[in-house]
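Given these sequences and hints, build the entire structure.
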Amino acid sequence: MNIFYLILQVLVFPGLLFAAAAGLATSWVDRKVTAYVQMRVGPPFLQPFYDVLKLMIKETCVPAGAARWLFLSAPLLGMAGAALASMLIWRAFLPLGQTFSGDIIVILYLLTMPAVSVIIGSFAAQNPLASLGGSREIKLLLSYELPFVLAILVPVVQTQSIRFSDLLAAAPAVYAPSGVIALVVAVVCMQAKLTLVPFDAPEAETELAGGAYLEYSGPPLGIIKLTRAMMLFIMPLFLVAVFCGGIVFDKGWLPVLGGVLKYLGLVVLVILIRNTAPRVRIDQAVRFFWGPATLAALAAVLAAMIGW
Amino acid sequence: MGFAVNILTRSLNVFHLGGSACNNCDIEILDTLTPRYDLERFGITLVGSIRHADVLLVSGIFNKKAAVRLKRVYQQAPRPIFVVAIGSCACTGNMFQKSYNWDVPLDQYIPVDIYLPGCPPKPEAMIMAILKLVNKLRGAPPDASAGKSRAAKQKRGA
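Protein sequence lines, in the order shown, are assigned to chains P and F. The first sequence begins at 1 in my numbering and counts up by one. The second sequence begins at 309 in my numbering and counts up by one.
Hints in this document: simulated from the structure, not taken from any laboratory. Fair warning: there could be bad hints in the mix.
No more than 30 angstroms apart at the CA atoms, straight line, and that leaves these computed lysine-lysine pairs for DSSO-like [claimed, not checked]: (1) F/K430 x P/K32; (2) P/K32 x F/K440; (3) P/K32 x F/K444; (4) F/K430 x F/K373; (5) F/K406 x F/K373.
Covered stretches of chain F, going by a simulated chain P footprint (3 or more residues, C-beta under 8 angstroms) [claimed, not checked]: (6) 311 to 320; (7) 342 to 350; (8) 355 to 367.
For glycine and all other residues, C-beta sits at the position ideal for the given N, C-alpha and C.
And the structure:
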C-alpha cells in the first residue's frame with residue numbers, strides 16, 4: 001500500500017480530521033440531549049466547534065515546576081491513539097485497505113491511550129488536585145479494563161476470530177444471550193472509559209475543580225476536549241461494530257441508516273445514564289467493576305464457549 | 309470584527325471567585341446558571357479551574373487578605389481574561405467601605421471590564437451584563453444588543 005495514502009487515511013478521512021468533526025457533532029448531540037433532559041434549549045450546533053477553536057487562540061500556561069515537555073505532549077499522545085483507533089474501525093467498515101488478524105487487540109490498546117495520556121499529563125502538572133485526579137484515573141483504568149476485555153472476548157469466542165472483518169461478516173453477537181450480557185457490561189465499561197457520570201471521579205468538577213485537566217489551558221486543553229469528543233464518537237461505534245454488526249455500506253442505504261441509528265441509540269443511552277446517575281466514589285467503582293461486572297462478563301464468556 | 313473576537317464571544321467559560329460575599333450574589337449567580345435561564349444557549353458554561361476560564365466572575369468585597377488571593381488567581385488565568393464584578397460590594401465596597409479590613413475597591417487590584425451593581429443583581433441583569441461584555445468585545449455600542457448579536461436573537465427566539 002502507498003505510504004502517502006496511508007498517511008492521508010490517518011490524518012484525514014477515517015482518522016484525525018473525520019473523527020474530530022464527527023466527535024464534535026456527537027458531543028453536540030450529547031449537550032442537546034442533556035439540555036432536553038433538563039428541559040432547556042441547549043447550545044447551537046456549532047458550539048463544540050467554537051469551544052475547541054476558542055481554546056486554540058488562548059494562552060498556554062505551563063505551571064511552575066511542571067515537567068514541561070511531558071505536560072505539553074501528553075494530550076497529543078491521547079489524540080493520536082483516538083485517531084488511529086478511528087482509522088482501524090473504519091477500515092473494517094469500508095474497503096479502505098486490508099484488515100489484519102488481531103486488529104481488535106490493537107484497537108483495545110489504542111482505546112486506552114487517551115486514559116494513559118490523561119494520567120501522564122495530570123502527574124506532569126505537579127498539582128496536588130491534578131495528581132489526585134490522575135490517581136483516580138489509574139484506578140478506574142485498572143478496574144474497567146478487565147470486564148471490558150472479557151466482554152469483547154464474547155464475540156471473539158462466538159466467531160473464533162480476532163479479525164474485525166470476520167466479526168462483521170458473522171451474525172451479530174447480540175443475537176445470542178451471551179452477547180446481550182456482554183453488551184450490557186461493555187456499555188457500563190464504556191461509560192467509565194469516557195469518564196462520564198457516574199464514573200467521572202477523575203475530573204470531579206465539584207471537589208477536584210477539573211481534576212486531571214486542572215492545569216491545562218489553551219491549545220493543550222483544546223486537544224484534550226477534542227480527544228474526549230473523538231472518544232465519544234469512537235467508543236459507541238466500536239461497540240456497534242463488535243456486538244451489533246456495525247454499519248454496512250455495500251448493501252444500499254437502508255443498512256447504513258440502520259447502522260447509524262444503532263450508533264445514535266448507544267450514544268443516547270450513554271447520555272441518559274450520565275444525566276440520571278449520581279457519581280460513585282472511586283472505591284465503589286473499583287468494587288463494582290471487579291465484582292459484579294467481571295462476574296457477569298465471565299458468565300457471558302462461559303456461555304459463549306458452550307454455544308449459547 | 310476579527311476571527312479571534314468572534315470565536316471568543318461565542319464561547320465564554322466562566323470561573324466564579326467569591327470574595328467575602330454575603331452569599332446573596334452567589335445565590336443569584338447560581339440562579340443564572342440554572343436551566344430556567346439556560347446560559348449554554350450563548351455558549352456560556354461554568355468551569356471549575358481558572359486555567360479553563362475566559363471570564364473571571366467576582367462577587368463580594370475583597371479585604372486585605374482576600375485581595376492577595378484575587379491577584380494570584382488573576383495572574384494564573386490564561387490571557388485573554390475578562391473580569392466581571394457582580395454586585396455592589398465588588399463594584400464599590402458597598403457598606404463595608406469604612407470597615408477596618410477593607411482597603412481599596414476591586415478595580416485598584418485588577419482591571420475590571422464590566423461593573424454590575426445591585427444587592428444582589430437579578431439573573432436577567434447578569435445576562436444583560438454578559439451581553440454588554442460581548443458587545444464591547446465586538447466593538448458594538450454597549451446597548452446595541454437587540455437584533456445584532458446571535459445571543460440576543462436566540463434569547464428572543466427561546
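Here is what the structure says about each hint:
1. Between F/K430 and P/K32 the alpha-carbon distance is near 26 angstroms, which keeps this suggested pair within the 30 angstroms criterion.
2. Simply put, P/K32 and F/K440 have alpha-carbon atoms about 26 angstroms apart, close enough for the 30 angstroms limit, and the pair holds.
3. Proximity of P/K32 to F/K444 is assessed by CA-CA distance (about 29 angstroms); at most 30 angstroms being required, the pair is judged to hold.
4. Of the supplied pair hints, the one linking F/K430 and F/K373 holds, its CA atoms being roughly 28 angstroms apart against a limit of 30 angstroms.
5. A distance of roughly 16 angstroms separates the Cα atoms of F/K406 and F/K373; the hinted pair therefore holds under the 30 angstroms criterion.
6. Check result for the stretch 311 to 320 of chain F against chain P: holds, 5 residues qualifying (beta carbon to beta carbon below 8 angstroms, three or more required).
7. Counting residues of the stretch 342 to 350 of chain F whose C-beta lies closer than 8 angstroms to any C-beta of chain P gives 5; at least three are required, and the coverage claim holds.
8. For a cut-off of 8 angstroms, the count of residues in the stretch 355 to 367 of chain F with a CB near a CB of chain P stands at 6, and the three-residue condition holds.
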